[in-house]
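Visitor: Sequence:
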Amino acid sequence: MVAAVVGASILAFIAVMIGTAAGAGADDGFSQGVWPFVFMFPLIGLPIGFVLIIALMVVSSLRRSRAARENKR
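Heads up: the sequence shown is residues 1 to 73, going by the UniProt record's numbering.
Keep in mind the hints are simulated off the structure, nothing from the lab. Quantities reported herein were computed from a predicted structural model and do not represent experimental measurements. Glycine residues also receive a C-beta, built at the ideal position from the N, C-alpha and C atoms. A few of these clues could be false.
Okay, the calculated beta carbon distance ranges per label pair [said to hold, decoys possible]:
#1 S61 - M17: 19 to 29 Å
#2 L11 - L56: 20 to 30 Å
#3 V59 - A8: 21 to 31 Å
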């Protein structure tokens with residue numbers, strides 16, 4: 001899930017860079033069609049990916065500590 005969100009955000013960021021280089025931003029071109037979604041997705045997706053990575057680290061550490069406690073007994 002983390003890889004999908006971060007990967008899609010990076011692809012959207014690259015699409016905005018390519019669109020800007022191709023001239024889509026001229027004359028307010030980013031406000032039409034699918035561009036508003038593509039333009040805003042990295043702004044939302046990257047922080048969500050960061051929170052998901054932190055949640056993954058917490059869950060993993062909790063699982064390891066529980067397994068270590070069970071192996072001690």
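Visitor: Now tell me, hint by hint, if it's right for this structure.
Guide: Hints, one by one, checked against the model:
1. Judged by the Cβ atoms, the range 19 to 29 Å given for S61 and M17 is violated: they are separated by roughly 36 Å.
2. Taken as a hint, the range 20 to 30 Å holds for the pair L11 and L56, whose Cβ atoms sit roughly 21 Å apart.
3. Checked against the hint of 21 to 31 Å, the pair V59 and A8 passes, with Cβ atoms roughly 22 Å apart.
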